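**Q** Sequence:
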Amino acid sequence: MILKEQLQKIANVKSNPCVTISLNTHRTHPDNITDAVSLKNLLKEAEDRLTTTFDKKTIVPLLEKIQTITTQIDLNYNLDSLHIFLSNDTEEIIKSAWETSHEGVHISERFAVRSLIKSYNRSTNYLLMLLSQSGVQIYEAVNDSIVTEIKNDDFPFPENTLQVANADQASNARKVDNMVREYLNTVDKAFVKLHHDTGLACVVISTEDNYVKLQEVADIPAAYIGHAPINYNHVAPHEIVKQSWEIIETLQKQQRTDAISQMKEAVGTGKVLTDLQEIYQASLDGRGELLIINNDFSQPVVMTDERTFDLVDDANLEDAIDDIVSNIAWEVLSKKGRVVFTTQTDLADLGEIALQVRY
21 MILKEQLQKI
31 ANVKSNPCVT
41 ISLNTHRTHP
51 DNITDAVSLK
61 NLLKEAEDRL
71 TTTFDKKTIV
81 PLLEKIQTIT
91 TQIDLNYNLD
101 SLHIFLSNDT
111 EEIIKSAWET
121 SHEGVHISER
131 FAVRSLIKSY
141 NRSTNYLLML
151 LSQSGVQIYE
161 AVNDSIVTEI
171 KNDDFPFPEN
181 TLQVANADQA
191 SNARKVDNMV
201 REYLNTVDKA
211 FVKLHHDTGL
221 ACVVISTEDN
231 YVKLQEVADI
241 PAAYIGHAPI
251 NYNHVAPHEI
261 VKQSWEIIET
271 LQKQQRTDAI
281 SQMKEAVGTG
291 KVLTDLQEIY
301 QASLDGRGEL
311 LIINNDFSQP
321 VVMTDERTFD
331 LVDDANLEDA
341 IDDIVSNIAW
351 EVLSKKGRVV
361 FTTQTDLADL
371 GEIALQVRY
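Its first residue numbered 21, the sequence shown is counted upward by one per residue in this note's numbering.
You may find that some hints are simply not true.
[To be verified] Heads up, simulated EDC-like pairs for lysine to aspartate or glutamate below, C-alpha to C-alpha not over 20 Å straight-line:
| no. | residue 1 | residue 2 |
| --- | --- | --- |
| 1 | K24 | D173 |
| 2 | K29 | D164 |
| 3 | K209 | E160 |
| 4 | K355 | E309 |
| 5 | K29 | E129 |
| 6 | K115 | D100 |
| 7 | K213 | D173 |
| 8 | K76 | E338 |
| 9 | K29 | E160 |
| 10 | K34 | E326 |
| 11 | K76 | E160 |
| 12 | K209 | E236 |
| 13 | K209 | E169 |
[Said to hold, decoys possible] Derived Cβ-Cβ restraints for the label pairs, each shown as a range:
| no. | residue 1 | residue 2 | range |
| --- | --- | --- | --- |
| 14 | H46 | N192 | 51 to 61 Å |
| 15 | K76 | H46 | 30 to 40 Å |
| 16 | K284 | F317 | 10 to 20 Å |
| 17 | D325 | E119 | 28 to 38 Å |
Read the hints as simulated data drawn from the structure, not as lab findings.
Because the structure is a prediction, the values reported are computed rather than measured.
Each residue gets a CB set at the ideal place from its N, CA and C atoms; glycine is no exception.
Using the sequences and the hints, build the whole thing.
**A** Structure, rendered in structure tokens:
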């Protein structure tokens with residue numbers, strides 16, 4: 021996914037200073053008129069903080085980027101938030117379909133990537149199958165958007181050409197049923213090849229009867245993660261992806277709920293950390309299995325050495341890292357742990373942040 025590649029690129033940058041600017045935006049006019057004003061104010065804030073803290077001679081390229089970045093942003097095509105990452109050597113602009121709870125200017129030796137991690141974790145890449153006996157199309161999708169139609173040796177899959185031999189056979193329900201199953205079995209085998217190649221699960225748009233039969237003949241039934249009924253008057257890609265998104269959104273919420281349950285169960289094993297300093301050190305060591313963070317929690321710190329820090333209230337203090345939580349989240353994710361941001365209150369008894377460790 022493009023977002024994953026961008027996240028990896030940005031999170032690995034280390035430069036002093038790195039400037040992250042995040043703001044919520046509007047998709048439609050006239051609401052998006054205010055976005056230009058908000059962005060201008062945040063860029064001015066970034067410039068003022070930089071010139072107060074750093075020698076101008078050392079950040080000339082960065083200041084130039086701040087002056088010109090708006091020429092590269094078309095605010096008429098905003099999504100729900102905008103994130104700008106600038107340093108002397110870096111310039112990245114990312115629009116996200118998710119609001120950010122951390123608007124503002126963040127200045128540190130690394131970029132603040134928590135909003136990207138949240139977007140990445142809430143972006144599900146999957147396959148979307150439009151299944152009928154008149155043919156099968158399959159699409160790659162991310163959340164509520166179609167990425168592309170899959171076109172290969174198998175897909176689009178042709179219509180069911182299996183025909184009963186005569187009227188007597190047509191009245192034989194078992195014969196007809198077997199022919200439908202044979203067709204769906206062939207479709208499934210083509211899907212399984214695609215599933216193995218991509219690692220992606222599939223949402224199916226079809227009649228209830230076809231979906232039940234598909235599950236019964238499937239080699240990997242669990243690879244089909246949901247079903248929505250087909251409406252033959254509304255089978256355009258942009259229409260069926262709305263149906264699949266409802267399923268994916270429900271699954272995402274369930275995954276966050278399951279993560280909280282997993283964390284609570286792990287408390288009794290002594291493998292859950294809630295102290296921020298201990299969480300940071302465990303994340304550096306690659307011990308993080310599951311990190312759960314309250315959406316609104318952030319914490320500025322001043323590092324005392326590579327592994328310890330002092331908590332501070334003012335992110336504008338000299339040498340302060342605006343949000344150590346962003347660093348922790350990336351350390352866990354980059355070392356193959358899971359990161360979940362939640363507004364669910366079930367985590368409240370563990371605090372604002374909790375880490376389940378591997379050992």
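**Q** Taking the hints in turn, state whether each one holds.
**A** Hints, verified against the model:
Our distance criterion of 20 Å between C-alpha atoms is broken by K24 and D173, whose separation comes to about 28 Å. The hinted pair formed by K29 and D164 fails the criterion: a straight-line CA distance of about 25 Å is larger than 20 Å. The suggested pairing of K209 with E160 holds, with an alpha-carbon distance near 18 Å, which does not exceed 20 Å. Between K355 and E309, the direct Cα distance comes to roughly 9 Å. Compliance with the 20 Å bound is thereby established for this hinted pair.
A distance of roughly 15 Å separates the Cα atoms of K29 and E129; the hinted pair therefore holds under the 20 Å criterion. Taking the CA atoms of K115 and D100, the gap is about 7 Å. The hint holds against a cut of 20 Å. Restraint check for K213 and D173: the C-alpha separation of about 11 Å stays at or below 20 Å, so the hint holds. For the hint linking K76 to E338, the alpha-carbon distance of about 16 Å falls within 20 Å, and the restraint holds.
Taking the CA atoms of K29 and E160, the gap is near 24 Å; set against the 20 Å cutoff, the hint is violated. As the CA atoms of K34 and E326 are separated by approximately 14 Å, the hinted pair is consistent with the 20 Å bound. At most 20 Å may separate the alpha-carbon atoms for a hinted pair to count; K76 and E160 exceed this at roughly 47 Å. At roughly 13 Å between alpha-carbon atoms, K209 and E236 fall within 20 Å of each other, so this suggested pair holds.
Between K209 and E169 the alpha-carbon distance is near 18 Å, which keeps this suggested pair within the 20 Å criterion. A C-beta distance of roughly 60 Å is found between H46 and N192, which places it inside the suggested range of 51 to 61 Å. Hint check: K76 to H46, Cβ distance near 34 Å, so the stated range 30 to 40 Å holds. Restraint check, K284 to F317: a C-beta distance of roughly 18 Å satisfies the suggested window 10 to 20 Å.
Between D325 and E119, the C-beta spacing of about 36 Å keeps the proposed range 28 to 38 Å intact.
Hint compliance for this structure: hints 1, 2, 9, 11 are broken, all remaining hints hold.
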